[in-house]
Amino acid sequence: MDFSQTPGENYANPKTCFFHVLFKAAALAFYILSALFVDSFVIIFVVTVVLAALDFWVVKNVSGRILVGLRWWNEINEDGESVWKFESLDQQSLARINKKDSWLFWWTLYLNAAAWIVLGVFSVIRFQVDYVLVIAVCLSLSIANIIGFTKCQKDAKKQIQAFATQTISSRFSSTLQSAFSVV
Amino acid sequence: MSHSDTIPLHSSSQSDIDEIENLINASVQSGPATVQPARPPSPPRIPVSSSPFLQSNLPPPTTAAAKLPPLPSSSAPPSVLPATVPGPAPPPANSAGSNNFAASGFGPAPNTLTEPVWDTVKRDLSRIVSNLKLVVFPNPFREDPGKALRDWDLWGPFFFIVFLGLVLSWSASVKKSEVFAVAFALLAAGAVILTLNVLLLGGHIIFFQSLSLLGYCLFPLDVGALICMLQDNVILKIVVVCVTLAWSSWAAYPFMSSAVNPRRKALALYPVFLMYVSVGFLIIAID
Chain A
1 MDFSQTPGEN YANPKTCFFH VLFKAAALAF YILSALFVDS FVIIFVVTVV LAALDFWVVK
61 NVSGRILVGL RWWNEINEDG ESVWKFESLD QQSLARINKK DSWLFWWTLY LNAAAWIVLG
121 VFSVIRFQVD YVLVIAVCLS LSIANIIGFT KCQKDAKKQI QAFATQTISS RFSSTLQSAF
181 SVV
Chain B
1 MSHSDTIPLH SSSQSDIDEI ENLINASVQS GPATVQPARP PSPPRIPVSS SPFLQSNLPP
61 PTTAAAKLPP LPSSSAPPSV LPATVPGPAP PPANSAGSNN FAASGFGPAP NTLTEPVWDT
121 VKRDLSRIVS NLKLVVFPNP FREDPGKALR DWDLWGPFFF IVFLGLVLSW SASVKKSEVF
181 AVAFALLAAG AVILTLNVLL LGGHIIFFQS LSLLGYCLFP LDVGALICML QDNVILKIVV
241 VCVTLAWSSW AAYPFMSSAV NPRRKALALY PVFLMYVSVG FLIIAID
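Chains as they are written, first to last, in the UniProt record's numbering: chain A, 1 to 183; chain B, 1 to 287.
Accuracy of the hints is not assured; some may be wrong.
A few chain A positions that, by computed beta-carbon distances, are all more than 10 Å from chain B [to be verified]:
#  : residue
1  : N10
2  : V21
3  : S34
4  : A35
5  : L36
6  : A53
7  : W106
8  : L119
9  : G120
10 : R126
11 : S169
12 : T175
13 : L176
14 : F180
Chain A is faced by these chain B residues, among others (derived, beta-carbon under 10 Å) [as the list claims (entries may be wrong)]:
#  : residue
15 : L134
16 : F137
17 : P138
18 : L149
19 : D151
20 : A188
21 : I206
22 : M229
23 : Y270
Just so you know, these hints were derived from the structure itself, not from any lab. Glycine included, each C-beta is placed from N, C-alpha and C at the ideal position.
Looking at chain A on its own, in the form it has when it is part of the complex (with noise of 0.2 Å):
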């Protein structure tokens, strides 16, 4: 995470944009290719599934703290409740995030969602039911990355425009007590 380099036209983080687009590459790819090479359905399930479970993860923990500076989880609190927590960084430092970053960040995601939508779409047509399971396992996965995303950003912006009306109404006040107090 690194912006001290000035975001420009350039990537300020390649080598995790990279990352972030290899997973899902490689497992459509396979899932796309592998009909031509392998036989075994088995194979196939698992090599898919497992990179795109790997990419979950990455995206989940590295990529998205880096490119867009965000992050979820969800924890269960004394009482045995489930609790999601999002995490952000604050006002500058988000607006210190490279455009070409969180840009390929967020098309990325929306477009490996869409891709899988397709290949499913083409598995009930063809009325391969196995492979709509592969399908059902992958898309459930980008899902919840883009899910959780999506809230925590949404959060992430509540939280700036709750501090900025509480840094507004607290200025406010001290300036009215300052003004008193010199009178």
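Dock chain B against chain A, hints included.
This is chain B only, laid out in the frame that chain A set:
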């Protein structure tokens, strides 16, 4: 402008994150967190919103801002959803949330890409091992389901389900692909349905925690299937499957039974037992 850059706005809500930070940072080699010249010197983080998100039947808490609508758990996501938790859940003995690392909002910033990845991997692996030990082996926390799988994860169940499917597929001499697909779908759908069963009986469990538990309880059956694959004696197979089946049921029992009304215990436990018995039959019958 942002004068409270250096001051966390809500120190109370920071404590959980601070603990997680400390745990994360404590496992990192000391280098990275201090070598951040471009970063602001203090943790400029926005207060974390902890939105109480209920998947049980408890009445909604009155804390402010249920800021999120609940995720559509009713849409029954396929159970193989490895939702890795990036940081370990705060340990029960809450250490003071002193933030001794001036990192930016989330943990160790990497110098290279591999450094934090390895640490995250190690942390996740150790969580899998500890969850496994908690669920499957005797330990003092078994009576309290809230503690048992506090930091649930779905990687362990994922590995075990895939492994069981693979072993069954290898053992089969014909129709290997169907065997694998059926085993996987049966286990995944079975876990989801069993969880829904408990929820519909009015029990208090958390969806993903229960999925995680049912997945971890497959570990004895994995071991049994592996042994059965290597041995051909039918009697031995039956004995091994019975032993591992009993072990799996014993592992799942406390959690499931304490989640429901005592009068409905059998209704919640019987389907679990039934599923494990059917997996056991699958193991014996495959040749």
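Results of checking the hints against the structure:
no. : hint : in the structure
1   : N10  : 17 Å, holds
2   : V21  : 14 Å, holds
3   : S34  : 13 Å, holds
4   : A35  : 13 Å, holds
5   : L36  : 17 Å, holds
6   : A53  : 5 Å, violated
7   : W106 : 19 Å, holds
8   : L119 : 16 Å, holds
9   : G120 : 13 Å, holds
10  : R126 : 16 Å, holds
11  : S169 : 13 Å, holds
12  : T175 : 13 Å, holds
13  : L176 : 17 Å, holds
14  : F180 : 21 Å, holds
15  : L134 : 13 Å, violated
16  : F137 : 21 Å, violated
17  : P138 : 22 Å, violated
18  : L149 : 8 Å, holds
19  : D151 : 7 Å, holds
20  : A188 : 8 Å, holds
21  : I206 : 5 Å, holds
22  : M229 : 15 Å, violated
23  : Y270 : 24 Å, violated
In the structure shown, a violation is registered for the earlier hints numbered 6, 15, 16, 17, 22, 23, in ascending order.
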